[in-house]
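Join these two chains into a complex; the hints should help.
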Amino acid sequence: MEFFRIHKDIPFMKHALVFNVISLITFLLAVFFLATKGLHFSVEFTGGTLMEVSYSEPPALEKLRDALAKEGYQDAQVQNFGSSRDVLIRLPNRDGVETGKVSEKVIASLGAIEGPKPELRRVEFVGPQVGKELASDGAMALLLVIGGIVVYLAMRFEWRFAVSAIIANLHDVIIILGFFALFQWEFSLPVLAATLAVLGYSVNESVVVFDRVRETFKKKRGLTTPQVLDHAITSTISRTIITHGSTQIMVLSMLVFGGETLFYFSLALTIGICFGIYSSVLVASPLVMWLGVSREQFMQPKKEKQEAVV
Amino acid sequence: MNRYPLWKNLLIGLVLLWGLIYTLPNFYGEVPAVQVSSGKATLKLDTAATLKRVEESLAAAGLQHDGLFADLNSVRIRFHDTDTQLKAKDAVEKAFNPDASDPSYVVALNLLSASPQWLTSIHALPMYLGLDLRGGVHFLLQVDMKGAVTKRLDATTGDLRTLLRDKNVRHIGITREGQTVVVRFRDTENQSRAKAVITANTNDLQLVEGQDGADFKLTATLTPLAQKTIQEFAIKQNISTLHNRINELGVAEPVIQQQGLDRIVVQLPGVQDVAKAKDILGRTATLEIRMVDDTPGALEAAMTGSVPPGTELYNERGGRPLLVKKQVVLTGERLTDAQPGFDGQTHEPAVHLTLDAAGARIFKDVTRENVNKRMAILLIEKGKGEVVTAPVIRGEIGGGRVQISGRMSSEEATDTALLLRAGSLAAPMEIIEERTIGPSLGADNISKGFHSTLWGFIAIAVFMCIYYMLFGFVSVIALASNLLLLVALLSLLQATLTLPGIAAIALTLGMAIDANVLINERIREELRNGSSPQAAIHAGYDRAFDTILDSNVTTLIAGIALLIFGSGPVRGFAVVHCLGIMTSMFSAILVSRGLVNLIYGKKRKLEKLAIGQVWKPGV
Chain A
804 MEFFRIHKDI
814 PFMKHALVFN
824 VISLITFLLA
834 VFFLATKGLH
844 FSVEFTGGTL
854 MEVSYSEPPA
864 LEKLRDALAK
874 EGYQDAQVQN
884 FGSSRDVLIR
894 LPNRDGVETG
904 KVSEKVIASL
914 GAIEGPKPEL
924 RRVEFVGPQV
934 GKELASDGAM
944 ALLLVIGGIV
954 VYLAMRFEWR
964 FAVSAIIANL
974 HDVIIILGFF
984 ALFQWEFSLP
994 VLAATLAVLG
1004 YSVNESVVVF
1014 DRVRETFKKK
1024 RGLTTPQVLD
1034 HAITSTISRT
1044 IITHGSTQIM
1054 VLSMLVFGGE
1064 TLFYFSLALT
1074 IGICFGIYSS
1084 VLVASPLVMW
1094 LGVSREQFMQ
1104 PKKEKQEAVV
Chain B
20 MNRYPLWKNL
30 LIGLVLLWGL
40 IYTLPNFYGE
50 VPAVQVSSGK
60 ATLKLDTAAT
70 LKRVEESLAA
80 AGLQHDGLFA
90 DLNSVRIRFH
100 DTDTQLKAKD
110 AVEKAFNPDA
120 SDPSYVVALN
130 LLSASPQWLT
140 SIHALPMYLG
150 LDLRGGVHFL
160 LQVDMKGAVT
170 KRLDATTGDL
180 RTLLRDKNVR
190 HIGITREGQT
200 VVVRFRDTEN
210 QSRAKAVITA
220 NTNDLQLVEG
230 QDGADFKLTA
240 TLTPLAQKTI
250 QEFAIKQNIS
260 TLHNRINELG
270 VAEPVIQQQG
280 LDRIVVQLPG
290 VQDVAKAKDI
300 LGRTATLEIR
310 MVDDTPGALE
320 AAMTGSVPPG
330 TELYNERGGR
340 PLLVKKQVVL
350 TGERLTDAQP
360 GFDGQTHEPA
370 VHLTLDAAGA
380 RIFKDVTREN
390 VNKRMAILLI
400 EKGKGEVVTA
410 PVIRGEIGGG
420 RVQISGRMSS
430 EEATDTALLL
440 RAGSLAAPME
450 IIEERTIGPS
460 LGADNISKGF
470 HSTLWGFIAI
480 AVFMCIYYML
490 FGFVSVIALA
500 SNLLLLVALL
510 SLLQATLTLP
520 GIAAIALTLG
530 MAIDANVLIN
540 ERIREELRNG
550 SSPQAAIHAG
560 YDRAFDTILD
570 SNVTTLIAGI
580 ALLIFGSGPV
590 RGFAVVHCLG
600 IMTSMFSAIL
610 VSRGLVNLIY
620 GKKRKLEKLA
630 IGQVWKPGV
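Taken in sequence, the protein lines are chains A and B. With this note's numbering as the guide, the letters of the first sequence map in order to residues 804 to 1113. With this note's numbering as the guide, the letters of the second sequence map in order to residues 20 to 638.
So here's chain B without its partners, still in its complex pose (with noise of 0.2 Å):
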């Protein structure tokens, strides 16, 4: 009766191999790389290309590597030592970026899983260390919602004045007080006839009559619907801006998130130059336009060398050259939006961009003064100036809503929208939370959290075999698959761990072997009550199994508890915590079972179990 069927016991074998595999990653360590990725905005790594260009300049270094990785942004070369990677990297930095001034790819020191490559290529990856572990810096940025919705009404309050104006509605005024708008009228006449008007242009507004003193007025506040359009657009704006600005660091695998309705995550491992990470975060590209010098000749003369006075000469994005007038027509902070779209009559690709009253103005005059003359979108970034896009100018453009259009590909429509936007934050952004762990203090970490364990571990599993014998040494087996499981599960799920997720391991182990006692004393206390050994090992793992689900569940709610209002430490702690109860349920009733069933199993005639000494009151 204490026999697995073979499918059982088949299934635990699998388990736990599949167990091995995915922890087999955590034991080759960590090999020196350089890693490659895009550094400008308006590059997009081809990787194929890359890895080709890679792979030719380490050869004319005379440079081996132990092998080529890509993925979606960035290429990966691992070496034999840090020797070689250094040389590498100032090869690939040469090859890649010739002019050092002004580099277009970031090419990172980073350091890469020596784990061979079929286990990567099932995803068997090392567990993640967070940045305690590993050292660098961890920020919380508080995006100002406010600012944002603030920034949009003083964009609505130009939007406004034009339509009432383009429609011949009378106003006394039109300004924006706190969250709202407001427009007066000296009429009712006029008040209706606006209501109807601003209805018929826009869903984002709703509107109140209302009378202030002699005048009547109109109150507009924004619909529930665009506050969140907004909000989540600036937090998506922000978010982008910000990889934009991390590029630059060079920081081989940053992480960018959102975290809740109105909060950045940024973590950057392995930085330590707080001030310049900040700095860079802080960061305004600015956008500006300024209008093509097409003078017959002044091109060319640029190109030889003498570039006119008050112009400047700058690359398209295809590689033209171009002549750039110095005097700014616009700048960045004009523009509310920019989004890719498509053209209402030819139906190509197109990006729309919106410009706030006083930049509709001045856009209206330059446009109607500068037909079929070409003007130049630049991207300004750490003082140097990239052309966007440089279209041509068809004919006056009033009301702030310009349209770019004509030999894009939607993709490159989607990128230049992103790219226009790119330069400015959509709403202000304040740190909230900052954390820095120097590369010591992870190292120390790493290994003070290692040694609790083992040292733990050993201590429990000497006790255990001492105490309970035969199956004292079953327990201490299961409790290792459960630490193997474990491992491997969080290497799989490739959840961050910290030093309380290394807390939490520890702690699942000291609380799981709970249900082996629970099982061994059950076993004791039927051979104390005159059970045979067979029935007595039945009876044990049966009865118990209640206690055991009972008692995980109560831990398990804790867990959960911690998991959904735990952040930062608390929720790495959580993450460990529940997956180790689940991994402890496993490992110790049917690894344990298994192990039990194998040894005792197949023999009828069983006198004693070595489960250490049964003591019987009054014998």
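The following block holds chain A by itself, in its conformation from the complex (with noise of 0.2 Å):
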């Protein structure tokens, strides 16, 4: 079986103007949403209690509500989560309050309500200290990220694959991110933890592209560089295609069977790893063209063997 049957080298470089707005539009948008709306954060990062209960038979949240508020927690969201008997209450931290001792009062408060009794599933408390540090964490693990590939990509290829695949997949990020502020989807840690990944996974794209690019350039001669851009890029589409497949197989798996917590950490790699492939693909190239790649960057000069003198 073979899916790809390309008879030439798809000219993807004479769109290449295309796609950079087409990216641009995107891109802008998604800064847009996260201007506007803002990232929905977890509990991990603001703060606050956050208590998962389970009932026999569906409870009624009106009365759940009323009871925390009889506590002082008018402020509480009590809502349903996954089914109908499970329920998801979120308190965010106050000043002034022993903290620590929320989920026992609320648990016990839900327990005085007449019907079905509550059983707890998971807590989860984070203290006002722990947030702003996982914030900070998450921005230095990124500024990491970006500074090892570009470094490590120049070392191996050309500053200006760097510099184009480092774009191209940031902008992915961006994306991912704009999208959750988009839907008001959780931005929970393992979803931080899926972007990251992802923006590590998503430059292998481009490196397999530049790859190709550095080979067909070394290989044919007289071809001009968006030949060679189209002609490494269709060399490597059926690659491409089948191992994002690949990759994506597992991850719907997770979509499907992981439940509530992997779901927002897949969620974030479908995004990425569909946009994964567009912008390695056909945002990086069309940059590494306008950066100037050549021919002469990657014939290397034949190295003088030098005696040494004793």
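There could be a bad hint or two in this list.
[As the list claims (entries may be wrong)] Below, in silico cross-link-like pairs of lysine-lysine (DSS-like), each with a Cα-Cα straight-line distance of 27 Å or less:
hint : chain 1 : residue 1 : chain 2 : residue 2
1    : B       : K165      : A       : K935
2    : A       : K908      : B       : K295
3    : A       : K935      : A       : K904
4    : B       : K297      : A       : K873
5    : B       : K297      : A       : K904
6    : A       : K920      : A       : K904
7    : A       : K904      : B       : K295
8    : A       : K935      : B       : K297
9    : B       : K214      : A       : K935
10   : B       : K295      : A       : K811
11   : A       : K920      : B       : K295
12   : B       : K295      : A       : K873
13   : A       : K920      : B       : K297
14   : B       : K63       : B       : K255
15   : B       : K236      : B       : K186
16   : B       : K165      : A       : K904
17   : B       : K255      : A       : K904
18   : A       : K840      : A       : K935
19   : B       : K63       : B       : K106
20   : B       : K295      : B       : K345
21   : A       : K920      : B       : K165
22   : B       : K255      : B       : K214
Hint data in this document are derived by calculation from the structure and do not stem from the laboratory.
Set out below in structure tokens:
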């Protein structure tokens, strides 16, 4: 079986401008949503208490809210989660209250309601100190990834490749974040991990294409730079689609079977993989072209051997 | 040319065999067990004797066990079923804790790996599951380091007062102001004398001279080195205090670790009662110094049941009875430090105590009035007292520095010092993160993670086999060996596996197939360009290698960044992700090549490769 039967190199570079404009628009949209709506951070970042309670039969959420309001938690968010028998309760941190005791009070007041008794499935309490650190650690991790990848690619290839690969893939990260802002999906620590993993992963894509570009430059003379890029992309496209397809199969499996905890994690990966294909091939390559890559950069000057004089 | 030398094939075989052995324990599951460990800080578990006692008590109850295991601090007994486990727990509990209201041992239910002995003896253990998979409580505690320093400065204030009085230096007040101690004088002469005296007596303080209106003053701050020592000491002491308290909960495998400079992680697997756990973490054991009642005949009378009024009967550490007065001379709050050491003259092991100013004054008075009598130091835990030591007072002790020595090994001195410190926390702590996961949620998470990986793997395997035929099959075998090695590595390192960790396993498998796709596509391309099958295999693997290396390094960079800066769930993900990248390099390149070599390497005249249809343009 062979899916891809391509007679001639596909002239991707002819449409380079179109691709870049599309990217720019998506990117700006993502930034717009991030700026206007902001991310819906999970309790790990904001601090607060999150409780997952399960009942033997569906409880009336109104009653739960009333009971909590009576205890002084008017700002508690009570919602169903997964099924109508599972309830998720979020409580923000408040100054001056002994935050560590919140979960016990809540479970006590829920237990006092008539009807089915709650079973505590999960409590997560995060103090205000931790959240700030997480945000700065996340930023540091992102910087380290960017720096590391740029340095490595610049060493292995050329700075032009390094710069365009990282720009293309950062634009993926922003777009993932944009999606999370637009739909107000919960941005948790696993999602952050997924985002950074995607960054490393989709740089792969650019690497594979660049590898071909380098090889083509060395082997085939008489091709213009856009032609070389077209050839490189065309000859790797089958691999690109199959690899991403395989990874996506795995991610899809997590999306379906992984439950609530892995849902947003795999969702971030899905968006990352889809945009990763697009950006690392169709954004990074035009960028390399605009940055002015040429054959000469790969023709290594013959090293003159120097004899050591002792 | 497509043949590996023998050593290479052997190496691949050995690595896979190793992977298989270390993965094995994960398949055996767990069996019920009972764990016995020391329940008191004063009691060290003698494993050999405990093993014997356990065996005797089980034999007496007529219960069969499946094996006894001992490690440094606990003894574990495996059982065939939970029924026997519960009966055995009762039997062991009865044998070890005859007085149920004052248990000296913790007898807890636990689960142990059912893997055979020979696997355990080569450290092949099942993967260590995180709390989100097995259920339990996780706390992150922040130690208030400023509090520790303030506490020390308060003590320093008293020390300086005593010191200056002893040396006849006149001052008009010593106060702690924020993180400094200020001493005021009327004239410069006293100021400079004080400075000389203080510098001669301590290295911990930095002194700055200054003027305050008409008065002269010395401002003392702790040197950075002294602050560091205080902070390190504070966190160590808090951890050992927490250990003592958590013992009481009867948790089978508690984790108490320092995280960063000023944080402590406490993980209690299997504990569901958060309220009790918090209560115990927050409790302080107290230390009391009281006088021993030496009235002749009083002890004998107390032994027969008539305890004289105003006294209490206690047992010394050696087991000898001791009659102690109820009146408390000093409490642990007055104790600022306890360190093991040696007597200055006799070089016997000793414990050095440091009292604060008020404590020192009381202690001086009491010792002056009670020369040649005994005083008892008691540790009050859970409302019950225990005599840690009961030394004889040799003479008046002033200055707040007390030494307990005589008939003590240096190990005992260390233990006593720890016990005396264990009573209190060196610095206040606050819970800044709490996670509770119910046991049903833990089991759910395991099955969710497992199913995601399983179905994803099957789907990829089916696709690869259809699309690349034999080469697809080889890729799937390589992928499976990747999974095998990854699980073996995780088991060997005993890295904590969490749900994000399982997700990382799945994701790593999904990404690892990339290397094989690259190779297979490359081989097809070589065939398309007219290479002979053997040359195509060779060129395919060779050319793909560079690309595979580059792409794995970039992925690894991201993984390492997550490992460095991640905490909690992110770190669990990153560890598995990084390990997975390494194992995938090995399996995708060496294992798959080795297999292809075995299949095709010996065929000289190879016409066709089973790599699926190779379409050629224009044909």
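Each hint, compared with the structure:
no.	hint	verdict
1	B:K165 x A:K935	holds (20 Å)
2	A:K908 x B:K295	holds (14 Å)
3	A:K935 x A:K904	holds (22 Å)
4	B:K297 x A:K873	holds (25 Å)
5	B:K297 x A:K904	holds (9 Å)
6	A:K920 x A:K904	holds (20 Å)
7	A:K904 x B:K295	holds (12 Å)
8	A:K935 x B:K297	holds (25 Å)
9	B:K214 x A:K935	violated (44 Å)
10	B:K295 x A:K811	violated (72 Å)
11	A:K920 x B:K295	holds (20 Å)
12	B:K295 x A:K873	holds (25 Å)
13	A:K920 x B:K297	holds (23 Å)
14	B:K63 x B:K255	holds (19 Å)
15	B:K236 x B:K186	holds (18 Å)
16	B:K165 x A:K904	holds (24 Å)
17	B:K255 x A:K904	holds (26 Å)
18	A:K840 x A:K935	holds (20 Å)
19	B:K63 x B:K106	holds (26 Å)
20	B:K295 x B:K345	violated (30 Å)
21	A:K920 x B:K165	violated (44 Å)
22	B:K255 x B:K214	violated (32 Å)
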